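For this one, chain E is given, so just place chains G and S on it according to the hints.
In order, the protein sequences belong to chains E, G and S.
Each residue of the first sequence is one higher than the one before, starting from 1 at the first, in my numbering.
Each residue of the second sequence is one higher than the one before, starting from 352 at the first, in my numbering.
Each residue of the third sequence is one higher than the one before, starting from 706 at the first, in my numbering.
In case anyone wonders, no lab produced these hints; they're calculated from the structure.
The structure displayed is predicted, hence computed values, not measured ones.
A virtual CB, placed ideally from N, CA and C, is assigned to each residue, including glycine.
Keep in mind that a hint or two might mislead.
Stated by the list, open to error - Footprint (simulated), chain S over chain G, 3 or more residues, beta carbon under 8 Å:
no.	segment
1	373-384
2	595-602
3	642-650
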Amino acid sequence: MSISISPSEIPRLSIRERWLPHISRGAGLVIGAGLLLVVALISIRLGTHGISTSDVWNGLFHYDPTSYNQTLVRTMRLPRTVIAVGIGCSMAVAGAVMQGVTRNPLADPSIIGVSSGSSFAIVVVVYYGHRTSAAEYLPFAFLGGVLAAFTVMAIGAAGKGGMSPVRLALAGIVISALLSSWTSALLLLDQSTYELVRYWFAGSVAYRDINLFWQLSPILLVPAVLCLAMGHHLNILGMGEEMAQSLGMRTGRLRLFATSLVVLMTAAAVAIAGPISYIGLAIPHMVRSVVGPDYRWVLPYSMIYGAIFLLLSDILGRIVMRPGEIEVGIVTALFGAPFLIYLARKRSLAG
Amino acid sequence: MSSQPSPIKLTSQKPGHIVFRRRYVAWRINFRVLLFAILGATVLVLLALWAMLLGTANISVVEAVRASFGKGDPDTIFVMQQLRVPRVLCAILVGGCLAMSGAVFQGLVRNPLVSPDIIGIDAGATAAAVFWILGGQSFISLPVAAFLGAMATAVAIYFLSWKGGISPDRLILVGIGVAAALAAVTTFLLIRTPPREARPAQVWTIGSIYGSNWGDIQWLAPVFFMGLLGSVILMWPLRLLQLGDDLTRGLGVPLERTRLLLIVVGCLLAATAVAVAGPIGFVALMTPHIVKMLAGPLSGSVMVLIAVAGGIFLLGADMIAQHALPVSLPVGLLTAAVGGPYFLFLLYRTNDRS
Amino acid sequence: MVATARLAADSVTLGYDEQTIVSDVSLAIPDGKITTIIGPNGCGKSTLLRSLVRLKAPDSGTVILDGQAIQHFPTKEVAKRLGLLAQQATAPGGVTVEDLVMRGRFPHQSFLQPPNQQDRDAVDRALDLTNMTGLRTRPVDQLSGGQRQRAWIAMVLAQETPILLLDEPTTYLDIAHQLQIVELVRHLNETDGRTIVLVLHDINEAIRISHNIVAMKDGQILAQGSPASIITSELIGEIYGAECDVLLAPGQDKPFCIPRGRHAASPESREAAAAVFEVDGLRTSYGKINVLHGLTCDMPAGAITGIVGPNACGKSTLLRSCGRLLRPTEGQVRLAGRDVNRGKHKELSRNLSLMAQSPTMPSGFQVEDLVSLGRAPHQGFFRQWREEDEEAVETALNHCNLCELRRRSIETLSGGQRQRAWFGMTLAQDTPVLLLDEPTTFLDLAAQIEMLDLVREMNQAQQRSVVMVLHDLNLAARYCDYLIVMKDGQIVTSGTPRAVVTEEMLADVFGIEATVMPDPANGMPLVIPHQAIEEMHASAHDSNNG
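Next comes chain E alone, as it looks inside the complex:
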């Protein structure tokens, strides 16, 4: 038994060995950013109405308001693309953070009841408040989502067992079921409300109000950037409650902070685009299989590839049923569900 080794025997890492993984991962991010740009341009160009590349170019950089195609680029395609990028980024980051905070690889921001809270709020405002324009009722969607999520968190944390991922998920499911049944009740009573809000329910980035997006964008993007800085903390949290605490982390405070950021992002995203599920679940998983479990990399990767994924889903929704469109929320659900099943099958029995 000899534990001591003379210093000369210790293999030191060369500079190259030490930095190579970081460089290759950094390169992946740069490539992702380039890819995002390309996909965004495709998203602007492709659609029911054909637009030439030169019109896209001119529309973006030498805008001529008299050209129909260029107007289309400016008023429809560009906002749509910008919104998709914003939502995709923040939803994927929110999912990654949620998985880190709950230490549950299947956690998703949608479990905390944001979208049902938003739906309920919209329906209530439209039904009782008779507000019919999106700009009027969507801020309420944001408030409703935030309220519902904090209710779920409070219920999940109350009681004897304290906050646990399972309790959080269950509280989320039940609050969602409750709110959506009340939503259905109101919709049943009033046909016109249904007609007004039904497109919002499917989750889409088309025909959305870009001004609302700009108003909410600080709430959408600032938390996302803050989350990027939390990678190291999420790593520590991943080692277990006790280990994290004994390493000097205030886990309760961190959880509350991170979850609040997630709630803000998700509520803003839902208010803008309606419920779009599965990005937060699927993207961090796909990213992890490439860059490993280190959240310092998972978060930025999720951000970029979440945006790419949502753009691609939106493009797909536009082209498969021409001249009609499938809402992006439905596309992601149809893709995301098989992915969840795949994950469930991949996990070992012992897991």
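Relative to chain E, chains G and S alone:
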């Protein structure tokens, strides 16, 4: 008769139990559960009678009972036989089926917070029904379509979660995934249709027993009683399943075969109920909880009690939905409104540090 | 008298809800020494440790760190002085050793600050001390149990705290890895001069390593001092409630404890008359990984057969194959001449009962209900509760001393009681053959002995054949009539304990250097481990025990 009939013996071994031994049978029955079941059945009958009296047409008790059996005023006979009796029976049977199905699934996956609607059976029925309604098909064959949708979903979930065996956790996750995909399909179908045409489908997705008729009951009743018998018998291996896979096998239970049987019974019950009434939530989830709180862990007799309690729950909810509120609402809305808070209360009380 | 103590507890009382776990304990941790807290399950040793690192606030009293109440320090400051390795620490899959160790630097880093040279040096030093440098780029979840534990210790070391607290760092490890960790801890203390606080399960391990032992029972400290001065059979009897002989281990001037049960071992090895299990060319695999490579052996009828071997040697797999829980890919297992994989499940379970290692706890069951479930193979829908059933359940309850506990809900039982209830269920099955998978895990010294005494009684009084997997070599040698020693999916040797348990075998199979001496009380072999022989094997093939 046998030569030496051993008398019914009240053992001191376990309080509240009767041991009943004859030549071919030897049973130990929980007296308390039996008492609860009798009590429950009485409450159910009284509730059903009361439900038959409620409504716009004022009918007295005697008249109502006579009319149910085809005697008295023809109008009253029509109201009773064609409207009220089927609706009451339907509520009881649907509630019973849902509650039993919930108990079977909760035992199967060893998770008290799971029910057939969470793992996608309801979503399958809904997608099929919405497709059927929007496709302009007849309402008479609607339950068949919904039933087939639910069963097809169940089969899909079973095969998707099969990987050398069925693991409860995998079953839940796969079920949630399938449910989400089907919900997306439903949303897609609804959104593609002009609102006025989509409305009947929309109403169906909430779940109600409004407009149930004898045809539904002819179908529900056999399933209910077969399901009751099946699940009472299956309670036997189901108790052992609670001990984990290894011990279940060690105690001589063919694991996968038992699981398959349980899934078949649970799905048949749930699919039938949903096909008739639409996706009514929370009954399957809550009833087994309440009953187990009153009567202890699962056994054959507790299962009977669960069926009775499910009937009481749904009938009561339907009575409130139909009569107690200013507008008559589908019962599915009410079960969620009652069930949601109750479930949260359960969550608050239970202490799972897992 | 202790000269200096940077960490101390001053009349600390701890509890959960209304229940008091630790009452009014004062304790000073001597600097630069190894202090070990021992005691039976539920005595509050882990709770006390958690309060020492501020994971749990005392209900009354204070924990004092460097002369100040610990709660007055900022969180990170505590983490710079105290490093804890918690029992259930987990790393997500795919984290490399290096990354894990770097996380130990958290208290020294500020928000958004990338790791600097100081951090990297600390990580290098920690890897060095634990001899993990060669494995630094390997993912933690691909390491063997011992290596993984070393990686975690390296993580705590990178925290660079003068005081280390380790909560049962050797659980789940086999004996060679246990010895390695013990050696590592000693090394850290000797060369680095760190103060180390341990909570340990195994009393002999505690004696071997510590300078100072704190013996706890029911939330109070019964004795503390150097092992040689305080470990007596009276003290052990008082703490654990089990009789225990203490002798001086040869070659080490430290006491060695041998717990005694009600039953002395049967010294005369019986002639194996017939075989209850005949294993013939058995090969088994989980998915694509072969676990057993063609085993052939007999297990004697009417005897207690023990299967021993290091972690991941396939001992549980062999047991599970005997119980029809795993289908062999080749070969067969015959129970009394018949292939266990043929015939009805129910038929088999009337002849063979099985106690699983970590069974799922059903909720809402009383002890009596649980024991009654063991009757399942004898019952049918119409015959659920015959006189035989009642008798068998009563007998099982009596044998396992469960009569007073019969109406208790299983959730409220202690670990030892729970294990007895499971055994009661196995007994109620009333089979001539019992298979037990590690029946003594999670049990403390007294409960282990009690459990095995019970097994021995069942074997002697009712001539039942028992096959069990055991972790502890000394217990296996004492309670088994016949031992099967396995390594890497193969049987190395088998025979009576006296023939099998030799110093060569221990070196060969378990990779430890140990003295085997006859137990002065009954002449059975007694293993006194010294150290692991080969200490670094970074090979991948022993890493499948996750």
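task: Can you take a look at whether the segment 373-384 of chain G is actually covered by chain S? Rule is 3+ residues, C-beta closer than 8 Å.
output: holds (count 5)
Stated coverage of the segment 642-650 of chain G by chain S [criterion: 3+ residues, CB within 8 Å]: holds (count 3)
- prompt: For the segment 595-602 of chain G, do three or more residues have a beta carbon lying closer than 8 Å to a beta carbon of chain S?
  reply: holds (count 6)
Of the numbered hints given earlier, the model fails none.
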